[in-house]
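Engineer: Top line first, the protein sequences correspond to chains A and B.
Quick note: the first sequence uses the working numbering, first residue 1, plus one each step.
Quick note: the second sequence uses the working numbering, first residue 1001, plus one each step.
None of these hints come from the bench; they were simulated from the model.
These numbers come from a predicted model, not from an experiment.
Possibly wrong hints are sitting among the right ones.
[What the hints assert, rightly or not] Below, a sample of chain B positions facing chain A; criterion: calculated Cβ distance under 7 angstroms: (1) Thr1048; (2) Arg1050; (3) Met1070; (4) Asn1073; (5) Ala1076; (6) Thr1088; (7) Gly1092; (8) Ala1101.
C-beta: ideal position from N, C-alpha, C; glycine also.
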Amino acid sequence: MDNNKNSVIDQRVKEEYKYGFITEIESDTLAPGISEETIHFISKKKKEPSWLLEWRLKAYRKWLKMKEPDWQNVNYDKIDYQDISYYSAPKKKELKSLDELDPELLKTYNKLGIPLDEQKMMNGIAVDAVFDSVSVATTFREELKSHGVIFCSFSEAAIDYPEIVKKYLGSVIPYTDNYFACLNSAVFTDGSFVFIPKGVKCPMELSTYFRINEAKTGQFERTLIIAEENSSVSYLEGCTAPMRDENQLHAAVVELVALDNATIKYSTVQNWFPGNPKTGAGGIYNFVTKRGLCAGQNSRISWTQVETGSAVTWKYPSCILKGDDSVGEFYSVALTNNLQQADTGTKMIHIGKNTKSTIISKGISAGKGQQTYRGEVKIMKSADNARNFSQCDSILIGDRCGAHTFPYIDVRNQSATMEHEASTSKIGEDQLFYCNQRGIDTEDAVSMIVNGFCKEVFNELPMEFAMEATKLMEVSLEGSVG
Amino acid sequence: MLEINNLHVEVENKEILSGIDLKIKAGEMHAIMGLNGSGKSTLSNAITGRENYNVTKGDITFKDESILEMEPNERALAGIFMSFQYPTVIPGVNNTYFLRAAVNAKKKYRGEKEYDAATFLKFVKSKLKEVEMDAKYLKRAVNEGFSGGEKKRNEMLQLLCLEPELAIMDETDSGLDIDALKIISRGINKYKNNSRSFLVITHYQRLLKYIEPDVVHVLIDGKIVKSGGKELALELEEKGYSWLES
Ligand SMILES: Nc1ncnc2c1ncn2[C@@H]1O[C@H](COP(=O)(O)OP(=O)(O)OP(=O)(O)O)[C@@H](O)[C@H]1O
Ligand SMILES: [Mg+2]
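Can you build the whole structure from these sequences, using the hints too?
Structural biologist: Below, the structure is given as C-alpha cells:
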C-alpha cells in the first residue's frame, strides 16, 4: 500500500511549472560580462545623475575585492560573473499611456494573472511591472499622486526625486554589506520606489511583479520604500521566470525606512522557476538582501514571505529596531520540493527601548528538498525591556528531504524577554489517514494539511494574495511525497 | 454487507488478529467487546485499510467484493466510515472546509453535483442540530482544542454528513457524559435503517441500554471467542472476561 500511495503522488511530478513560457519580444540586451564599462553603460541608459554613477563605481571596486560567501547551507555550481548579461530591456517607444504598451508584454502579464490594461486593472491594487532590467508599466500613478504617494520605477525616481533617493539609498544596506548586495549596488537596473509622505495612509495596495525573460541575464533590482511620520503602506512583490536549462541569478536589494509611528508591511510571493524537478537543471539563484529600518519611535515593519520557487534561495529579511517602542515582524513560509534548496530566516536587531519582534517561520521540505532556517535575534545594551518571540516549525514530507535550524541569540541587556519555540515533524500518518478515511485522496490531504500548517502566515497576507498563496502551495507540492 | 473470513493481521511483524470471522448483514448492528489490547481497534484499522496493518491471511469483502486491494480513501468512498477512538487534530484546517472536502469527494465519486460553500453551510447546519452541536465548532480547526466529548460529537457529525452504509464506532461512547451519550445513541438509532449497518466497539454495557445490537461478540487475544445476544453484554458486566479466557 505504501508503494502504491507513493506512485499515485509521483505521477503529479509531471505537472509543469505554469509560468515557464518565454515572451518573444525584441530586446536590447548587453553582451555578457562585467566591467566599469558595463556600469557606465547601464548608468547612461538610465540617464542617471553623476553621483549615482560614482556610487555604483565605488560599489564595483569594493566588490572586486570581496569573496563570494560560502557559509550558507546550500550547494550550487560556481557562478561565472562574466557570463551574465547585466542589462536587458524590451525595445520600446515612449509610452503616453498604458494602452500603448507592447501587446506581447500585455499578453505576458495577462498570462501571469496581472492585467495592466486600464480597463482590467485590479481594483485597489497599483502594479509596477518589471520585465528583465526595466520597469515597463506602473498603474494608478496619477491617483496615488493625488494623495502625495510616489510610486514609480527606481530609474525614474533617481531622475525625478534625486534628493530623496540620495538621502536613503544605501542608508539601511550600505553597498559594503555583503557580496551580493555590493554587486547589486554596482549593476542594479530597476525596481520600485515608494514614498509615503507624512500622515498619509496609502489608499491602495502597492505591488511589483518581477519577471525574468531573457536568457543569460541576471536580474538586479533595487527597491526603496520610505514611510514618513504617521504614514502606512502595504506592498507586495511577486516573481516568476521562464523555464530554462541554465541557472539565472537574481540578486536584489530591498531597503525600507519607517519614521515615527509609520508602518510598512512588505509581502513577497516568490515563485521563480525552481529548475527541472528531476534533474535539477536550470532554475533561479535567488540571493537577496532585504532589510528594514524602524528609524522612528513606535514604527513598525512587517515582512511576510511565501517562498515556493527558485533552485537556491538565500535571504534574510531583517529589521533594525532603532526607534523606541518599534516593532519588527517576520512571517515566513518556505517550501523546498524536488531538488530545491533554501537557507532563509531573519535578523532582528533591537536597539531602542521596549522594542518588540515576532518571528514565525514555517518550513516545508518535500522530495529531496533541503531547507535551513537561520535566524538571529540581537538585543543591544541600549534596548531595555526588549521582547522577542520566535517560533520555527518544520514539516517533512517523505524521508529524502531535510530541515535544519540555526537560531542565534545574542542578549546584551538583562531586561530582555525571549521566547523560542521550535518543532520538526513528519507530515502525520495519522492526519493523512484521517483525511483518507473521510474519502479525501492523499494529494488533496497533503495540500490541505500543509496549508493548515501555514495558516498563521497566510493570514498575514493581503486577502487577494492569501488565496493565491494557497493555490501556489498546491501546485508547488505536486509530486511531493515519494 | 461486510464479510470477514479467517482474517489474520500483523502490525510490525507481530500477529494481532488471529483468524477473525464476522458477517454483518445490511441493517444489522453488531457490538464488539473485549479487554484493552485485545485487537478491537486493529480490526477497525484493518477494515479501513490503514497503513502498517498488514493482512497476512484471510479476506474482507464489502458488498460482495474484496476490499483488500483498495486504498483507504476508496474504501471510505465505497461506504465504510470509522468514528475514531482518538480523532486526529489537523491544525489550521477549518472544520467546515474539511467536512465539505470530504462530502464533495463523495459527491464526485457518485457523479453528483458538488456543494458550493453556501449550500453546504445550510446542509451542515441541519446536521448540527441532530448532534446538538453549536455552530461555533464549524469555525474552529478540525478537532483542535476540542474536548474528548466534543471530538466524538464531531465524529458523529461527520458520519451524518457522509451517510456511510457501514459505520464502525470505535469507542465513540467512551468519555461521554450521560447527555452526550443519549444524543449519540439517538443519532445512531435514527440513522440506522434496513440498508445501513453498524459495528460498535464498546467497553460499557451502559451504551447498550440505549442501542439494540443484534449480535454481541467478545474479542480476546485477536480471536472472537464468543458471540451472542444482548444478554451477553450483561453477563460480561457481571462476570468480567476471565471465564471466557482459555
Ligand atoms: N500501530 C501499532 N504499532 C504497534 N503496536 C500496535 C499498533 N496498533 C496496535 N498495536 C498493538 O496491537 C494490540 C491491539 O491493539 P488495539 O489498539 O487493537 O487494542 P484495542 O482492543 O482497541 O484496545 P483498547 O480497548 O485499549 O482500545 C496492542 O498490543 C497494541 O499495542
Ligand atoms: Mg481501541
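Engineer: Look at each hint and say if it fits the structure.
Structural biologist: We went through each hint and held it up to the structure:
1. Nearest Cβ of chain A to the Cβ of B/Thr1048: about 6 angstroms, under the 7 angstroms cut. The hint holds.
2. At a threshold of 7 angstroms, the smallest CB-CB gap from B/Arg1050 to chain A is about 5 angstroms, leaving the interface hint in force.
3. A hinted interface residue such as B/Met1070 counts as satisfied when its beta carbon comes closer than 7 angstroms to some beta carbon of chain A; here the least separation is about 10 angstroms, so the hint is violated.
4. With a least beta-carbon distance of about 4 angstroms to chain A, the hint placing B/Asn1073 at the interface is held under the 7 angstroms criterion.
5. About 4 angstroms separates the beta-carbon of B/Ala1076 from the nearest beta-carbon of chain A, less than 7 angstroms, and the hint is met.
6. The closest approach between the C-beta of B/Thr1088 and any C-beta of chain A is roughly 4 angstroms, which is under the 7 angstroms cut-off, so the hint is satisfied.
7. Annotation: B/Gly1092 was flagged as interfacial toward chain A, and the flag holds, the nearest CB pair being 3 angstroms apart, inside 7 angstroms.
8. The interface hint given for B/Ala1101 holds, since its Cβ lies 5 angstroms from the closest Cβ of chain A, which is under the 7 angstroms cut-off.
Consistency with the previously given hints fails for number 3 only.
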